[in-house]
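One-letter residues, chain by chain:
6 protein chains.
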Amino acid sequence: MARLDDLVRWMNEELNLSEVPDYSGAMNGLQLANSGEVNKVATAVDASLPVFEKAVAAGADLLIVHHGMFWQGAQMLTGANYKKIKLAMDNDMAVYSAHIPLDVHPLFGNNACLAREIGMSDAQPYFPWKGIQLGLKQNMEISRDELRARLEKAVGGPVHVCPAGPEKVGMVGLITGGAGSEVQAMADAGIQTYITGEGQHWTYPLAEELGVNLFYAGHYATETFGVNALSEVLSGKFKLAKEAIIHPTGL
Amino acid sequence: MARLDDLVRWMNEELNLSEVPDYSGAMNGLQLANSGEVNKVATAVDASLPVFEKAVAAGADLLIVHHGMFWQGAQMLTGANYKKIKLAMDNDMAVYSAHIPLDVHPLFGNNACLAREIGMSDAQPYFPWKGIQLGLKQNMEISRDELRARLEKAVGGPVHVCPAGPEKVGMVGLITGGAGSEVQAMADAGIQTYITGEGQHWTYPLAEELGVNLFYAGHYATETFGVNALSEVLSGKFKLAKEAIIHPTGL
Amino acid sequence: MARLDDLVRWMNEELNLSEVPDYSGAMNGLQLANSGEVNKVATAVDASLPVFEKAVAAGADLLIVHHGMFWQGAQMLTGANYKKIKLAMDNDMAVYSAHIPLDVHPLFGNNACLAREIGMSDAQPYFPWKGIQLGLKQNMEISRDELRARLEKAVGGPVHVCPAGPEKVGMVGLITGGAGSEVQAMADAGIQTYITGEGQHWTYPLAEELGVNLFYAGHYATETFGVNALSEVLSGKFKLAKEAIIHPTGL
Amino acid sequence: MARLDDLVRWMNEELNLSEVPDYSGAMNGLQLANSGEVNKVATAVDASLPVFEKAVAAGADLLIVHHGMFWQGAQMLTGANYKKIKLAMDNDMAVYSAHIPLDVHPLFGNNACLAREIGMSDAQPYFPWKGIQLGLKQNMEISRDELRARLEKAVGGPVHVCPAGPEKVGMVGLITGGAGSEVQAMADAGIQTYITGEGQHWTYPLAEELGVNLFYAGHYATETFGVNALSEVLSGKFKLAKEAIIHPTGL
Amino acid sequence: MARLDDLVRWMNEELNLSEVPDYSGAMNGLQLANSGEVNKVATAVDASLPVFEKAVAAGADLLIVHHGMFWQGAQMLTGANYKKIKLAMDNDMAVYSAHIPLDVHPLFGNNACLAREIGMSDAQPYFPWKGIQLGLKQNMEISRDELRARLEKAVGGPVHVCPAGPEKVGMVGLITGGAGSEVQAMADAGIQTYITGEGQHWTYPLAEELGVNLFYAGHYATETFGVNALSEVLSGKFKLAKEAIIHPTGL
Amino acid sequence: MARLDDLVRWMNEELNLSEVPDYSGAMNGLQLANSGEVNKVATAVDASLPVFEKAVAAGADLLIVHHGMFWQGAQMLTGANYKKIKLAMDNDMAVYSAHIPLDVHPLFGNNACLAREIGMSDAQPYFPWKGIQLGLKQNMEISRDELRARLEKAVGGPVHVCPAGPEKVGMVGLITGGAGSEVQAMADAGIQTYITGEGQHWTYPLAEELGVNLFYAGHYATETFGVNALSEVLSGKFKLAKEAIIHPTGL
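Protein chains in written order, with my numbering: chain A, 184 to 434; chain B, 184 to 434; chain C, 184 to 434; chain D, 184 to 434; chain E, 184 to 434; chain F, 184 to 434.
No lab work stands behind these hints, which were simulated from the structure alone.
Keep in mind the model is a prediction, meaning the values are calculated, not measured.
Some hints here could point you the wrong way.
The list treats identical chains as one, so a pair stands whether inside a single copy or across any two.
Said to hold, decoys possible - With a straight-line Cα cutoff of 25 Å, these simulated PhoX-like cross-link-like pairs (lysine-lysine) come out:
| # | residue 1 | residue 2 |
| --- | --- | --- |
| 1 | 266 | 223 |
| 2 | 237 | 223 |
| 3 | 269 | 223 |
| 4 | 237 | 269 |
| 5 | 313 | 237 |
| 6 | 313 | 420 |
| 7 | 422 | 269 |
| 8 | 266 | 420 |
| 9 | 425 | 223 |
| 10 | 223 | 351 |
| 11 | 313 | 351 |
Isolated chain A, as found in the complex:
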């Protein structure tokens, strides 16, 4: 058993919430309080109603998510929104969210975790945004097929590829989540092979013209790592039970 306040303070500091920039809708930190104590931590990518139901069923009193509840701004507490908050409050479950701080953290970050999985053993931060570096990059001497095989193993499913770059992947850039729209910026930054979660249709023909290999490895699939890595350390340090909620979107 631990105090929610202590967990929040530790995570805020560990993830450096006060300094890492983000979109205003992310609203990183404690999004929903509870009565003050935590015994079990659940983790998930999205803060949707089915996820809340699974977390409550698992007996969690703290849910840690990557995508919080407020991306659409203030919303009426009715319908699914009402059910979600009511369910959490009735079961005394708090909700904590961390977005970009949990993408770029050197240890827990989605980028760092996925990089380790695919053998980027010497990845360097790159792609500046508001004073931080959003991605990781490394020169890799492997083939496009080998990289695809590693990625599919890491995310546990098929990876869509636009094979417009070199057969040997060369300078590889990695930004988890929905950063396909940055493909022009990648080419400008010298990236030859770009790994991200998802990208809109137009990013594919653009990658073709830019001559960049573009790997779409799944928005959900590339972002399960961070919350779990954080939970691993948190539960160990504070002696909490933990459970990863599986709720993929296929996107």
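Based on these hints, arrange chains B, C, D, E and F on the given structure of chain A.
Coordinates of chains B, C, D, E and F only, in the frame set by chain A:
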């Protein structure tokens, strides 16, 4: 006992929520659901924690307010915000909010109610804003002192006056709430005596230069009428108990 | 053989370019001129370099596309951009683009064509945007599985589904291309089952909470119909050869 | 007798006009010239017509104000505006205005002066805005009632209080004028008791929820200090007569 | 002798100030009052200090200008600005300004007056802007040289020409003042020969590429007509002396 | 003969394109590629069709311009735009553009070149904009007539003057091109005599009121220097033929 859905549908239609414009932060309509039934309606100007506590103590399962919970945009459900929602959910109290629709309604509107109280027996809508008329006006053959006396009786307290206009009030304009900043527009529209709830310091010297009588009758004090008039009709029609929550700010 | 001017004039009028709204990057109409004559028309979804190469190889002197060359604003005529324009000019191939006018046209539109393919025999325009209706809707008495089967046959490949709505599809809305982000608006408009081309990851959990069936049938795959239907009529009327360029992105 | 140029140069430097930020409407500095000489200085909070009349009646040839003539942007020189400028020009009276530079000055500032009056003997600058600190703060070991008594004595009238914070005032923040809307920022900055001039109605329930004591001491009443303190030094240094114009708004 | 109020009311109505749109800096109407009576009207294009000096020297008590005093927003009343207002006030001279209302008036308008001078006997309004038509157009069967000769006679000086359009001027468009930047819009509207006052350097090569004759007849030179035509009628109706102030800029 | 890549790389570095700010429409650098080799360089101020025709006629395979092709954003490749690109591609002529980098370069810059021509032997950078200095200034002990004579000799034609400043020019500021609108900023910066290319009509009366000498030396005429100075060095270093294209606008 009534169905919350029925009350909400009736109020939405009566107040014409789908057509009356408002500021985006107003978020008119059902802001917080409950389990579906309503026996007692509470009314208040503001949706603050002390108001929720008084409404719950009064046994209300529907709270109708003029200023809803979302003016500051999406907010973490922590601190007072957490307590407020938890208190309402635990006591199965829904919250409904109506702002400008409850200022300008010809029967329930704060404008219409206050106009009746001070003897504007033939008030006409004026001051266009996004396709509606925000205020009421009427030529009145009474003195400034008489108008002040009527206003102080209506709002139950002192009214601050900038006596820069004519001794006989002449063309009187009325907009409840915080519309003092419209004093220039009032002068441009031919208003000689302007009644509103509150105005910033700079509106006083501006009224002096414009030669307009400016009555500051209190933001809270001029906006208790609408929710109570609505509740009067609603509780009668649906056979509900009702209670007005008194929680003035002195502003 | 036909005059390019005549073809352009006929398409501009037929597609009502001067009145149908669009995003500024669409730049509908003749995007690249040629020396004035056309014998063969090629059609494609995207105006990318590989598409230009295929169109030139096919001997086309007019390429009609759905996504034109200027979505990214003014671009240097270097790299792929240079090659593309040079290739077209050297082979005297003009380029004509039509985006939303080719989505919403009652006969040639991507919406209308796909609706026919999946048995929406009485589809009605809906979803207003800048004075037009962006989609088609119809109540359908079929199951979700049946609709999926029809869609997969129509687009010639797998369709991703978020099955959060009713088993019987009910009120079906259809907007081809990348309109997944409109899922909230769909729910607000009473759509129970929403068919579009692509949507970002966050649209899936949102559809779950809204209780809407969401079919992601592919951005490319849902937008091959319009250019080909237009070309069918155009080539018949002006006695031109024609060829559909196949260049899918898998997105 | 002194040269207007010399007075303006001295005040501009003393108040550091070229570096202290402000709202664009403040237009700090010499707002209206005269023929070049000054014998008597008048001071006031607002640059309104009644104030000009009192200053001219007092024989001033320089009027120093806190709120200048241009907050509403360019205005026709007709009506009160015409009378004001004509009156000043006919009586050869110049007008000098300083807003935020006269709030934050360590010696002449409204903040510093009021802080001295209420016994903040060790006040520290706080609340950053565009590179400066807008307020003063200090931990105080007195009761809310004692603070109110000191404030009422300092401003010479009643002070409105929202007593939502601790009985012992603790960390006190002070920003003169109309800064009530910063109450959320005050709570975030650790202020337990916040003194300002005025705030809108909504600041009161917000202070209640934040648990902050909020003192509304009057916009006019908290801003008479600065112009008079400046005039005291200026008139001494340049051997000028001086007079404080009293023209309160009650706000 | 006439009342200033009467002159202003007559001009406001005649020029339809309440309905004709304009840029916010224009501030059409009475910009500076006087003591109430007018005997002599001066007219000028610009409201600059040398113009005020000439108008005062001419004994005017009302100056009518096309470009008023507030285009740069609120300005300190110091330097030239102080001298200008002081000079006018000391000599009891009012200032009235009308910009677009005095460009587009069918009788007094700069457009209409210049059109008459160059033989556009059947000019039609065209070029919509905020609900009005900004220019006049007419098909003319004369040569470019003939048009230039007429223009140079009308404005009393040389006219700069970009002779990129047809030798016979064809469809001629006319917008007085600084509207050269609309040359693309002119071509889009079918204008073959465009007459305006001034245009920036880039408008010349653009006109060359568009194949439009572009006549730069001078901003000042094309805008002396309106104020004088207005003054002609005004002085006749109200029995006032009048004088046109000549103060060209050569631009 | 030289490689286009080498020329572009050398110019980009020499002109510091990656660091010098500009308007987004300038799009400095290689705007149109060719097949890779360059023998002859043409230079011009504007990238218009007549200029392209003259450059092709001169046998150039690289055209260097000051005002590039993209100021109006993305444009259809039809009409003059089509002809221009077709002409260049058919004749294998590349186009390189540099705007502000070619105004402010200490050696090749339009400012530096014109300063040398008129005897500003000790000109200092001034007038900060986005981290660079846009102009050159120097105190000069010569008369206004002498400066005008030097300028007219340098630009090879008449210079329009607003002689509102001192007879001895004093502090002279120089910004080539269309910077007349900065005359207020010049006065604020202590410039007594301001030389630029062009300014709108309103800059003249403003200069009069500010008491600044304003020389309008021609936008085209003040900007022929930079491209030619660059070409001089480039052609020498890479052993290329060169030719200056003369195509003035008179503006």
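(message) Check the structure against each numbered hint from earlier and tell me which ones fail, lowest number first.
(response) Checked against the structure, the hints that fail are numbers 5, 6, 7, 8, 10 and 11, while the rest are satisfied.
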